[in-house]
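**Student:** In case you want the letters, here they are:
Number of protein chains: 2
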Amino acid sequence: MDFKDVPAINQFSPDKMQKINLFETQNFFCDVYCLEPGQEQKIHAHKDEDKLYFVLDGRGTFFVDDEQQELGEGKIIFAPAGSNHGVKNTSQARLKLLVFMTPNPNFK
Amino acid sequence: MDFKDVPAINQFSPDKMQKINLFETQNFFCDVYCLEPGQEQKIHAHKDEDKLYFVLDGRGTFFVDDEQQELGEGKIIFAPAGSNHGVKNTSQARLKLLVFMTPNPNFK
Numbered sequence: 000m001d002f003k004d005v006p007a008i009n010q011f012s013p014d015k016m017q018k019i020n021l022f023e024t025q026n027f028f029c030d031v032y033c034l035e036p037g038q039e040q041k042i043h044a045h046k047d048e049d050k051l052y053f054v055l056d057g058r059g060t061f062f063v064d065d066e067q068q069e070l071g072e073g074k075i076i077f078a079p080a081g082s083n084h085g086v087k088n089t090s091q092a093r094l095k096l097l098v099f100m101t102p103n104p105n106f107k
Numbered sequence: 000m001d002f003k004d005v006p007a008i009n010q011f012s013p014d015k016m017q018k019i020n021l022f023e024t025q026n027f028f029c030d031v032y033c034l035e036p037g038q039e040q041k042i043h044a045h046k047d048e049d050k051l052y053f054v055l056d057g058r059g060t061f062f063v064d065d066e067q068q069e070l071g072e073g074k075i076i077f078a079p080a081g082s083n084h085g086v087k088n089t090s091q092a093r094l095k096l097l098v099f100m101t102p103n104p105n106f107k
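Protein sequence lines correspond, in order, to chains Z and H. Residue 18 in my numbering is what sits at position 19 of the first sequence, and the numbering runs on without skipping anything. Residue 93 in my numbering is what sits at position 94 of the second sequence, and the numbering runs on without skipping anything.
Same shape as in the complex, but just chain Z (with noise of 0.2 Å):
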């Protein structure tokens, strides 16, 4: 059976963020982000790809076109296809997400 643990992944850089890809196919990809404090995912849009955003621990700050709101564990955020989105850790903790892309890109 594939499944992966996802509290035993801690992949933390003091570079940037880092992305632990979890599965993929060409339905979706399935990604943990570690984000340390003051670390983001710049604002961008997918034309015809929608993303989930789970935080799994910590809080960050989430853009979603002309919103922004800090949210934190148990949370999940919707960023549709064509939307400007992305993720600030404005916290002073790490910031853990599990984050959900479909369709995915990389099979077009």
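Among these hints, one or two may not hold up.
The list makes no distinction among identical chains, and a pair is therefore deemed to hold if it is satisfied within one copy or across any two copies.
What the hints assert, rightly or not - Result set (DSS-like, lysine-lysine): computed pairs, CA atoms no more than 30 Å apart in a straight line:
1) 41 / 3
2) 41 / 18
3) 15 / 46
4) 18 / 3
5) 41 / 15
Source of the hints: derived by calculation from the structure; they are not laboratory data. The structure presented is a predicted model; accordingly, all values stated were derived computationally and were not measured.
Put chain H on the given structure of chain Z with help from the hints.
**Tutor:** Structure of chain H alone, referenced to chain Z:
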């Protein structure tokens, strides 16, 4: 911003497993499943859709093709398109799952 507070979703029923939809587009749906002890999602298959089960709380027995495994909080399980898959709450406590399915068969 479109977000949900996953820990606040606790919709259990003595009748059967509850599915609470969080987000849905043509690309995916994302649900919370709430299973009382003994409740299950029977083994079934989707020809074209991939599914991920992420264990939020509790423990359950997961079935993917000819394998079965009891897994708890923090595990994420991949049931690829075409696989026979399901889950049963074989524990004595409540089981809560975050579930992604892609693409969304309701938009075919």
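**Student:** Determine for every hint whether it applies to the structure shown.
**Tutor:** Verification of the hints:
1. Proximity of residue 41 and residue 3 under a CA criterion of 30 Å is satisfied in both settings, with 27 Å inside one chain copy and 22 Å between copies.
2. Taking CA atoms no more than 30 Å apart as the test, residue 41 paired with residue 18 passes inside one copy only; the shortest distance there is 13 Å, against 34 Å between copies.
3. Taking CA atoms no more than 30 Å apart as the test, residue 15 paired with residue 46 passes inside one copy only; the shortest distance there is 25 Å, against 39 Å between copies.
4. In this homomeric assembly, residue 18 and residue 3 come within 30 Å of each other (Cα to Cα) both inside a single copy, at 15 Å, and across copies, at 23 Å.
5. With identical chains, the CA atoms of residue 41 and residue 15 are at most 30 Å apart within one copy only, with a shortest distance of 11 Å there and 43 Å across copies.
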